[in-house]
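Asker: Taken in order, these protein sequences are the chains called A and B.
Using my numbering, you'd call the opening residue of the first sequence number 1 and step up by one each time.
Using my numbering, you'd call the opening residue of the second sequence number 1 and step up by one each time.
Treat the hints with caution; some may be incorrect.
[Unchecked claim] So the derived list for chain A, only partly shown, Cβ under 10 Å to chain B, looks like this:
{"hint": "1", "residue": "Ile59"}
{"hint": "2", "residue": "Ser82"}
{"hint": "3", "residue": "Arg287"}
Hints in this document: simulated from the structure, not taken from any laboratory.
Even glycine gets a Cβ: it sits at the ideal position worked out from N, Cα and C.
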Amino acid sequence: MSHIIEVARQQVLEEGRGLTEEQLLEVLRLPDESLEELLALAHQVRVTWCGEEVEVEGIISLKTGGCPEDCHFCSQSGQFTSPVRSVWLNIPELVEAAKETARTGATEFCIVAAVRGPDERLMTQVRAGIKAIHAEVDINIACSLGMLTQEQVDELKGMGVHRYNHNLEAARSYFKDVVTTHSYEERWATCDMVKKSGMELCCGGLVGMGETLEQRAELAAQLAELDPHEVPLNFLNPRPGTPFGDLEVMDGRDALRTIATFRLAMPRTILRYAGGRELTLGDLGARDGLMGGINAVIVGNYLTTLGRKPEEDLDLLNELKMPVRELQKTL
Amino acid sequence: MTRTPSERFCGHCGQDRAVGHHDRCDRAALLEPPRHCAACRRRMVVQVTPTGWTARCSRHGEVTGEPV
Ligand code: SF4
Ligand SMILES: [Zn+2]
Ligand SMILES: [Zn+2]
């Protein structure tokens, strides 16, 4: 039995205190033989500090492609020769997507735009979209519109946006290798404003981008310091034409170790399976992650890539006897 | 898989299906909508929604699909 697992059992499971960066690195270095035990502990931590429920969310791209930023993992940057073309969704299509999402039993609908930050055209579309969704669909609305000004934070809060997504993307020490058009500090500043506004902050990142284990532990520790309400964990899906397009897909066991590590860093957060899980972990991975610290999923498709059928995830939750979180409790 | 003559180009990489190998493309196609028109290889305008997708070629119209 491994020492760090016993330390985590006491510190995280019993006392609810997340592991430190050094401790997280020890977890990431655990051998494959310890993986099962590690995932079991992460699951216990999740059930103890978050409960049995799993939060289900759907996402939609309101404005796809043509982004001026150069995040090296992203097929929507206008700086690479990615095959993704620019397109805007209209309001009736947006409302329809919200309805599709609500029909799956999801309580969250996240509206995403590929931008550095919202301009007036986007804010106008978001305003109209949120109003139309609120009038017709019973669902919480989240937004992910890039970096914000304080005025925009206040306006989104006023519109009834209850959660805002803005990822750190990478550890501070690796950020410059991932993005050069804006800084880690700028991202942090938006996250900070969102948190102070009273909107729930959703902030995560990607792993499998060529970072070291030290940097993976660093990202988990920096997220824990920020203490977001939700942490979406993405595994790099190498997109053709992007600077990270030729990287290897992350090993499934490393992905599972990362999930457990993030849970041991943040015992109380909503830890969401986001992009890349189908590729990294296959069908089995959905189950292993949900039994290893994950307590939220994105159902259906992503922004530019496809996911599993919503019924597959919902059947799995049913089989695992994990209740789907209902709307009234999240309001 | 048999393909009709109108499916001349690979929806994933946009190259001629008769040239080179597209096994990797076909596997990738399980997790993403086509980006190139099969008839003319133009880049299509693709919109993904939670439970479906549409891909539109300015010349050859729209194809749609469901999640995998
Ligand atoms: S800001 Fe967002 S949409 Fe733009 S390149 Fe970066 S990740 Fe992609
Ligand atoms: Zn091809
Ligand atoms: Zn065409």
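Asker: Just to be careful: measuring from the Cβ of Ile59 of chain A to every Cβ in chain B, is the smallest value less than 10 Å?
Answerer: Holds, about 7 Å.
Asker: Does Arg287 of chain A hold up as a contact with chain B if the rule is Cβ-Cβ below 10 Å?
Answerer: violated, 17 Å
Asker: Restraint: Ser82 of chain A near chain B, CB-CB cut 10 Å. Satisfied or not?
Answerer: holds, 9 Å
In the structure shown, a violation is registered for the earlier hint numbered 3 alone.
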